[in-house]
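First to last, the sequence lines map onto chains R, W and V.
For the working numbering, add 387 to where a residue sits in the first sequence, where the first one is 1.
For the working numbering, add 72 to where a residue sits in the second sequence, where the first one is 1.
For the working numbering, add 28 to where a residue sits in the third sequence, where the first one is 1.
Be careful, since some hints might not be right.
SDA-like cross-link-like pairs, simulated, lysine to any residue; straight-line CA separation at most 25 Å [stated by the list, open to error]:
1. R:Lys464 / R:Val644
2. R:Lys464 / R:Gly454
3. V:Lys153 / R:Arg486
4. R:Lys464 / W:Leu141
5. V:Lys245 / V:Arg186
6. V:Lys245 / V:Gly314
7. W:Lys310 / R:Gln451
8. V:Lys153 / R:Ser567
9. R:Lys464 / W:Trp188
10. V:Lys153 / W:Leu103
11. R:Lys464 / W:Leu92
12. W:Lys310 / W:Leu141
13. V:Lys153 / W:Lys310
14. V:Lys153 / W:Glu228
15. R:Lys464 / W:Ser91
16. V:Lys153 / W:Pro309
17. V:Lys246 / V:Gln82
18. V:Lys153 / R:Leu577
19. W:Lys310 / W:Ser135
20. W:Lys310 / R:Leu572
21. V:Lys246 / V:Arg162
22. R:Lys464 / R:Ser404
23. V:Lys153 / V:Leu172
24. W:Lys310 / W:Glu228
25. W:Lys310 / R:Gly454
26. V:Lys246 / V:Ala290
27. R:Lys464 / R:Leu521
28. V:Lys153 / V:Arg79
29. V:Lys153 / V:Val205
30. R:Lys464 / R:Gln451
31. V:Lys153 / R:Glu622
32. R:Lys464 / W:Thr93
33. V:Lys153 / W:Thr93
34. V:Lys153 / W:Val95
35. V:Lys153 / R:Leu572
Now the in silico label distances, taken between C-beta atoms and shown as ranges [unchecked claim]:
36. V:Val89 / W:Val175: 24 to 32 Å
37. R:Leu456 / W:Val175: 38 to 46 Å
38. W:Leu140 / R:Asp554: 52 to 60 Å
39. R:Arg552 / V:Ser117: 53 to 61 Å
These are calculated hints, taken from the structure and not from any lab test.
Bear in mind that the values here come from a model prediction, so they are computed numbers and not experimental data.
Idealized CB from N, CA, C, for every residue including glycine.
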Amino acid sequence: MAGTQRIARTLRGPRLSSWLVAVPVLIFLILPTLIIVPISFTPVDHLQFPPQSLSLRWYEELFQQAGWLDAALFSLKIALIVAPVATIVGGLGALAVVRGALPHASLVTGLLAAPLIVPAIIYAIAVLLFLGPLHLTGTLPGFVLAHAAIAVPYPYIVVSAALYRYDADLDLAAMSCGASRLRTLWHVTLPNIAASVFTGLLLAFLTSFDDATISFFISSVSEESLPRKMFDNIEFAISPVLAAVATLLTLVTLCGVGLAIGVQVVSSRRRRVRITEEVEMA
Amino acid sequence: MAAAQAGRGSRSARVYGPSLTAVCLAPMTVLLGVLFYLPVGAFLARSFLVDGFSTDVYADLASRPIFLLIFLRTFRTGIIVTLVALVLAYPLAYAMARARPIVAGVATAIVLLPLWTSVLVRSYAWTVLLDDRGVINDILVGSGLLHAPLRILYTETAVWIGMVHILLPLMVLPIYSALRAIPTDLPQAASGLGASPRAVLRHVVLPLSLPGVFAGVVIVFISALGFFVTPAILGGPKTLMISTLITQQATSLLDWPVASAIALVLLVITMAIVMAVGRSLSIERLLSI
Amino acid sequence: MPDGQVLMSDPGAGGRPTGASFLSAEGAAAGARPGVQTAGREALEQLGHQRGSQIRIEGLVKHFGDVRAVAGVSLGLEAGEFLALLGPSGSGKTTILMCLAGFERATGGRIFIDDEDVTTTPPDKRDIGMVFQRYALFPHMSVLDNVAFPLRMRRRPRAEREALARAALELVRLPGVAERRPHQLSGGQQQRVALARAIVFRPRLLLMDEPLGALDKKLRESLQLEIKQLQRQLGTTVLYVTHDQHEALTMADRIAVMHEGAVQQVGPPQQLYEEPANTFVADFLGETSFVDGVVADLGASAACRVATAGGRRFAATLAGPDVVRAGDPVRVAIRPERVVLRPSSADHDGLAGRVIEAVYDGASTLHLIESAEGQIIRARLPAGVPPVPLGDRVDLVWEPSSARAYRRER
């Protein structure tokens with residue numbers, strides 16, 4: 388990809404000194420998450436680092452205690468509904484703004500991306516006040532509605548970016564081959580922005596699954612999301628079971644990030660079109 | 073079919089006509105209108121629609137110094153967190169921009185992983201690290217460096233550390249992206265004209281990376297202002313910030329007008345910063361896509 | 029088999045003047061290898077014979093906001109004709125192509141394909157093939173799927189699609205790349221695939237938007253020949269947009285020169301080159317030197333004598349649509365290869381000057397002569413003739429018919 392230009396090799400000297408700061412920062416970034424993993428394997432019932440020996444005690448507790456599984460399943464259900472809905476709605480919105488020749492397009496984008504800029508606390512309380520009278524707090528539909536709004540901007544932004552980068556000539560070529568607008572979208576456009584659509588889907592999923600702020604307010608005692616349950620436990624009970632939960636969640640994230648990066652790499656390799664003047668090989 | 077399509081269709085095959093655009097935009101507009109703007113508007117309106125229009129709540133807020141104190145504290149936190157993040161992020165982004173693709177890729181993964189990990193998980197990790205009997209104190213006390221554990225958790229310092237950690241990727245990514253966008257021949261040209269590496273950095277690389285720095289600073293600062301999870305978990309009763317204040321007013325004290333008023337002030341400040349900066353940055357750049 | 033024979037050896041079918049007759053000899057030579065010829069013919073049989081369509085553009089107007097990109101253009105293309113739309117950027121040629129394709133809706137005017145009004149037909153219903161400058165091959169499909177795509181859109185069964193796609197790839201001389209992805213091919217190969225995709229469904233009209241612009245010179249020249257051959261074999265009507273006048277001259281049956289949204293002149297390449305209708309066409313096609321002067325007197329038919337400001341006089345021929353009277357200011361266009369250099373003499377009353385530059389390019393040497401009045405005249409001497417040394421004084425001589433005088437504003 389021609390865009391990956393590095394300013395390497397043109398500057399000697401500061402190279403060493405920037406890594407001097409950079410490496411500790413990288414360690415700082417990854418350290419906390421890495422600490423959690425060994426702690427989750429501790430056999431004792433308080434936080435101990437490093438653990439004296441390894442045991443799966445807390446993972447067993449996690450899966451046996453209904454509370455945790457229920458919360459995890461609840462969060463999963465919500466996210467599995469929110470993600471595709473947000474992706475479709477956000478994706479359509481991206482199509483409209485990128486291709487619709489709207490006046491004040493950046494203003495429209497700003498309005499559509501507002502949930503990302505408005506502080507989460509404000510929205511969380513607002514949605515509590517909104518869902519309360521409708522008796523939707525602590526319910527699956529309630530959570531879905533609340534998460535939909537904060538999830539939808541992510542696919543919108545990611546798909547917009549992909550559409551801006553997209554070579555519009557491909558669509559014209561498809562039409563000249565006899566494809567209607569809809570068929571062009573299906574056969575040509577979508578396959579080529581699939582990686583970004585997938586990333587948007589992933590981001591929407593994680594936004595819903597990991598949401599802590601909104602969950603804090605609209606969970607009920609019986610129906611709480613996984614983040615809410617974690618929140619309570621952090622406040623009131625420092626137990627290594629949390630470390631186990633955190634480790635598993637990090638693993639999920641790792642898979643998600645790996646998947647997203649992998650999809651991007653595969654698709655960009657496929658799309659590398661060499662538009663250079665080259666000697667005929669035929 | 074051909075006849076039906078003949079009249080329809082926009083001026084250009086590249087552009088969606090008005091009806092098609094409206095159809096595509098409708099779901100998102102409706103969703104955000106009903107599920108976002110409506111609730112938020114209703115909530116914020118409570119600050120001045122108590123038995124008719126009145127700004128009493130604001131006058132009340134302004135007269136109580138505790139609120140001003142909390143606002144200032146939140147701002148101070150925001151500024152400190154942003155500056156620390158900037159100082160840590162720039163060298164990292166710089167090193168990444170100059171590294172071999174493999175190294176840069178690994179570093180990017182290390183930066184992305186915390187970004188996508190739940191805020192809760194990351195905040196929890198810091199409680200483990202900073203607790204009186206947590207990992208850091210264990211090491212410090214256990215090795216004999218200190219006699220008594222350092223009280224970090226539930227202080228403002230803990231909040232700062234936690235927030236820097238959580239917001240750091242948001243500062244690294246825009247700067248990294250801006251650095252990568254600098255064409256390789258510019259530093260080369262400067263170097264060829266006789267500039268030392270330090271001078272190239274100062275006169276070529278730094279200025280050209282400013283849009284990314286700007287974007288990072290804005291994102292981190294406005295995120296810091298409205299942060300809830302981390303201050304709630306890592307902070308204590310003496311470290312109330314705007315977000316935890318709103319929570320307290322709303323859920324414990326059930327004083328909705330006050331909560332709404334504080335929220336509105338926070339929102340106005342956030343919007344003001346975004347709009348002031350938004351002139352020179354596009355939303356896409358702001359969100360470092 | 030007889031049809032294939034006729035198509036390949038009778039380039040003048042239909043009585044069209046062909047400006048590129050030398051191509052048929054080349055084409056025959058290139059196809060002389062028996063294996064290739066048979067394969068090509070079979071592929072042609074498979075794709076089926078279909079005469080190209082007749083195209084009529086009437087009064088086409090296109091505005092983009094306040095900008096008038098196309099200002100009332102009327103053009104006709106005969107069935108099976110290769111018409112080049114030639115002009116600089118912004119001349120409106122690409123816009124015309126876009127309107128023909130249906131990608132832009134014309135502001136005014138009508139477009140007819142075989143007498144069917146397609147002005148408001150959507151692009152996917154026009155049955156037109158198109159080749160883009162940057163190929164626009166679908167990166168997520170194999171080469172074969174790319175070429176078969178138009179047939180898939182027309183809901184032809186899979187077996188038939190693949191057979192026709194392979195036949196098309198044979199025609200563009202790329203039989204072995206069907207399973208590859210576009211990014212694995214070179215630029216020239218990609219453009220051939222794009223061509224195969226554009227013809228596989230035997231379109232009524234083939235549009236080409238500067239298709240060779242992204243390729244290097246040698247590749248461009250060989251592809252020019254291939255495209256021309258292919259067009260002859262298939263009999264498709266082609267509209268070819270380019271800013272490269274050499275390309276237009278070598279490939280087209282007729283050229284339409286565009287400038288600022290209007291057609292300046294339409295005709296066979298030779299006619300445009302030898303008898304440009306105005307100074308723009310004279311300048312755009314080939315090299316030209318311009319000399320400004322005033323008509324001193326008029327002679328029989330279009331002959332005249334032109335006097336320059338410095339008092340030099342020479343014979344010229346009136347050209348262009350305007351009526352010219354004695355005393356009118358004119359701009360005279362002369363092709364460098366028509367200028368003859370003679371040693372300086374006192375009794376020469378035409379243009380004269382000093383050689384200030386000589387540029388050798390292998391086949392000829394271009395001389396730049398500066399006259400006493402400061403005009404720069406170009407003269408091209410072929411390789412056999414010894415070049416004139418720099419600084420020498422020369423007299424410039426030419427046939428009156430070679431100097432075309434166009435009326436100009438004062």
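Here is how each hint holds up against the structure:
| no. | hint | in the structure |
| --- | --- | --- |
| 1 | R:Lys464 / R:Val644 | 20 Å, holds |
| 2 | R:Lys464 / R:Gly454 | 15 Å, holds |
| 3 | V:Lys153 / R:Arg486 | 22 Å, holds |
| 4 | R:Lys464 / W:Leu141 | 42 Å, violated |
| 5 | V:Lys245 / V:Arg186 | 38 Å, violated |
| 6 | V:Lys245 / V:Gly314 | 18 Å, holds |
| 7 | W:Lys310 / R:Gln451 | 38 Å, violated |
| 8 | V:Lys153 / R:Ser567 | 8 Å, holds |
| 9 | R:Lys464 / W:Trp188 | 19 Å, holds |
| 10 | V:Lys153 / W:Leu103 | 36 Å, violated |
| 11 | R:Lys464 / W:Leu92 | 33 Å, violated |
| 12 | W:Lys310 / W:Leu141 | 12 Å, holds |
| 13 | V:Lys153 / W:Lys310 | 71 Å, violated |
| 14 | V:Lys153 / W:Glu228 | 68 Å, violated |
| 15 | R:Lys464 / W:Ser91 | 35 Å, violated |
| 16 | V:Lys153 / W:Pro309 | 70 Å, violated |
| 17 | V:Lys246 / V:Gln82 | 33 Å, violated |
| 18 | V:Lys153 / R:Leu577 | 22 Å, holds |
| 19 | W:Lys310 / W:Ser135 | 21 Å, holds |
| 20 | W:Lys310 / R:Leu572 | 56 Å, violated |
| 21 | V:Lys246 / V:Arg162 | 18 Å, holds |
| 22 | R:Lys464 / R:Ser404 | 48 Å, violated |
| 23 | V:Lys153 / V:Leu172 | 23 Å, holds |
| 24 | W:Lys310 / W:Glu228 | 8 Å, holds |
| 25 | W:Lys310 / R:Gly454 | 32 Å, violated |
| 26 | V:Lys246 / V:Ala290 | 32 Å, violated |
| 27 | R:Lys464 / R:Leu521 | 21 Å, holds |
| 28 | V:Lys153 / V:Arg79 | 19 Å, holds |
| 29 | V:Lys153 / V:Val205 | 29 Å, violated |
| 30 | R:Lys464 / R:Gln451 | 20 Å, holds |
| 31 | V:Lys153 / R:Glu622 | 66 Å, violated |
| 32 | R:Lys464 / W:Thr93 | 32 Å, violated |
| 33 | V:Lys153 / W:Thr93 | 22 Å, holds |
| 34 | V:Lys153 / W:Val95 | 23 Å, holds |
| 35 | V:Lys153 / R:Leu572 | 16 Å, holds |
| 36 | V:Val89 / W:Val175: 24 to 32 Å | 58 Å, violated |
| 37 | R:Leu456 / W:Val175: 38 to 46 Å | 40 Å, holds |
| 38 | W:Leu140 / R:Asp554: 52 to 60 Å | 54 Å, holds |
| 39 | R:Arg552 / V:Ser117: 53 to 61 Å | 24 Å, violated |
Of the hints listed earlier, those the structure fails to meet are numbers 4, 5, 7, 10, 11, 13, 14, 15, 16, 17, 20, 22, 25, 26, 29, 31, 32, 36 and 39, in rising order.
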